[in-house]
Amino acid sequence: MVWKELFMSRARAQAIRTKASCRPLGRRFLGGNLGVLARVMTLFGLLVLGACSATTSTIKTSPAVKVVDGAASNNLKATSYPLHWNPSRPLSLYTVADEYISQMSLDEELGQLIIGAFTDTTYNANNAAMVQQEGIGGMLLYTANMTSKTQTTNLVATAQAHAQIPMLVLTDEEGGYVDRLQQFYGWRPSATDIGASGSTTYAQQQGYQTGKDMAVLGFNADFAPDVDVQLVAGPDQVTRTFGTTPDGVTKMAGAYLTGMQSAGVAVCLKHFPGLGAATIDAHLGLPVIKRTRDQIEAVELAPYRNLIATGQVQMVMTTDLLMPALDPTLPAELSPAIITGVLRQELGFDGVVITDALYMDGISKKWSEATAGVMAIEAGDDMLVGAFSPSSVSWMIDALKTAISDGAITKARIDDSVRRILTLKMRMGLLPIPIGVAPVPPLGSMSTHVVDGPVALPPQQ
1 MVWKELFMSR ARAQAIRTKA SCRPLGRRFL GGNLGVLARV MTLFGLLVLG ACSATTSTIK
61 TSPAVKVVDG AASNNLKATS YPLHWNPSRP LSLYTVADEY ISQMSLDEEL GQLIIGAFTD
121 TTYNANNAAM VQQEGIGGML LYTANMTSKT QTTNLVATAQ AHAQIPMLVL TDEEGGYVDR
181 LQQFYGWRPS ATDIGASGST TYAQQQGYQT GKDMAVLGFN ADFAPDVDVQ LVAGPDQVTR
241 TFGTTPDGVT KMAGAYLTGM QSAGVAVCLK HFPGLGAATI DAHLGLPVIK RTRDQIEAVE
301 LAPYRNLIAT GQVQMVMTTD LLMPALDPTL PAELSPAIIT GVLRQELGFD GVVITDALYM
361 DGISKKWSEA TAGVMAIEAG DDMLVGAFSP SSVSWMIDAL KTAISDGAIT KARIDDSVRR
421 ILTLKMRMGL LPIPIGVAPV PPLGSMSTHV VDGPVALPPQ Q
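Mapped onto this note's numbering, the consecutive letters of the sequence shown carry residue numbers 1 to 461.
Be a bit skeptical, because a hint or two may be false.
As the list claims (entries may be wrong) - Lysine-lysine pairs mimicking DSSO-like chemistry, simulated, CA-CA at most 27 angstroms apart:
(1) 212 to 149
(2) 251 to 212
(3) 401 to 411
(4) 401 to 365
To be verified - Pairwise CB distance ranges (calculated):
(5) 280 to 329: 17 to 27 angstroms
(6) 311 to 144: 29 to 39 angstroms
(7) 438 to 285: 42 to 52 angstroms
Hints listed in this document are in silico derivations from the structure and should not be mistaken for laboratory results.
Virtual Cβ for every residue (Gly too), placed ideally from N, Cα, C.
Could you put together the complete structure from these sequences and hints?
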């Protein structure tokens, strides 16, 4: 995702803020109960205490108190539900995620679906409201948000300190043409440079170094690598692709993601189902890719299929393009046939699916961001990119609530997305995991160890 550097115009932002009705700070999150994290961890702390005395314990809540074998907590959310705790069968991350969900309001759940783009270099009122009032699940920074390493680190730390649930902290750090951190670390080789080296060792080292540099600043996830297979010399392929064959892209991108996740930064493959044959800029219009289903299966989808099969892929970014062979009417990121049918069912991906920016022209010329957000969730996406103010976050959340009340989206569908998001956050170490849960491998555990040291130069051609 490349924003035409980098912020919406101040005039447009102000117009949106003026048009939207203001919500008092705290409508969603400052209600007097413990935060979601405290509520759930108190619950699980009590569960562990109670688990020793019985094979199966049932925990129920009353409006005032939660009791487990004599232990009580008076500040948990006042809802009643049974939890069956069986110590002979380890808890899974999904089980823990369901406990988080049981302690969350609908507003809190819907906030987790939004990635908000920050609009300043400071934790200003606009950014604070997105984090504290709307409870966004992720924050997105661009070059214009970052003036120094210290400023960036402080901005991220301040935002995370105010988040009810720790956020994904993201940027697009690809190297080459899309290099948000160049002012701090200097030139970084592009995907095309890395692919041309022919060295998976070099690719892995570059991924590791990039992840390490990002982690120092507080980033925990990257909208990279780009796994489009370049088929034409289009605007979205300039230095951004690892190669012109699916095998080459799979090999080099796979090594790169292995290195990055070894540094503790989660990757997000993009741009599903593939921009490699696009001849127009997806930011300025809707690319139409007229290739056959067999061609798409063999080329565009191959890197996704191969990399998802490794079990390392945590996130996939969808994009706005029209592939008539997969769906003749809807852009990919809004298409149930493509997101649920191809990505979820055919390729078996059950990680977090994130939209590209919903303000891009291929979407925004036909749908509002709020409407597109509803369509994306209906299609099978989990997180929405495009909001840059508390007002725009509110529009998305309110549109989703309307869709739920109208029956267009079920609460269970929202739970599915939040479950995946919270599970990812536990895998990343952002959320604590209670005693009794089966051990969770580190994010880069499937990766070959990358030696911490100078990044090697590519082999001479």
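Each hint, compared with the structure:
1. 212 to 149: holds, 13 angstroms
2. 251 to 212: Answer holds: residue 251 to residue 212 is near 21 angstroms, not above 27 angstroms.
3. 401 to 411: Distance of about 9 angstroms is within 27 angstroms: holds.
4. 401 to 365: Given pair residue 401, residue 365 holds - Cα atoms ~24 angstroms apart, limit 27 angstroms.
5. 280 to 329: 17 to 27 angstroms: holds, 19 angstroms
6. 311 to 144: 29 to 39 angstroms: At roughly 36 angstroms between Cβ atoms, residue 144 and residue 311 fall inside 29 to 39 angstroms, so the hint holds.
7. 438 to 285: 42 to 52 angstroms: At 47 angstroms between Cβs, range holds.
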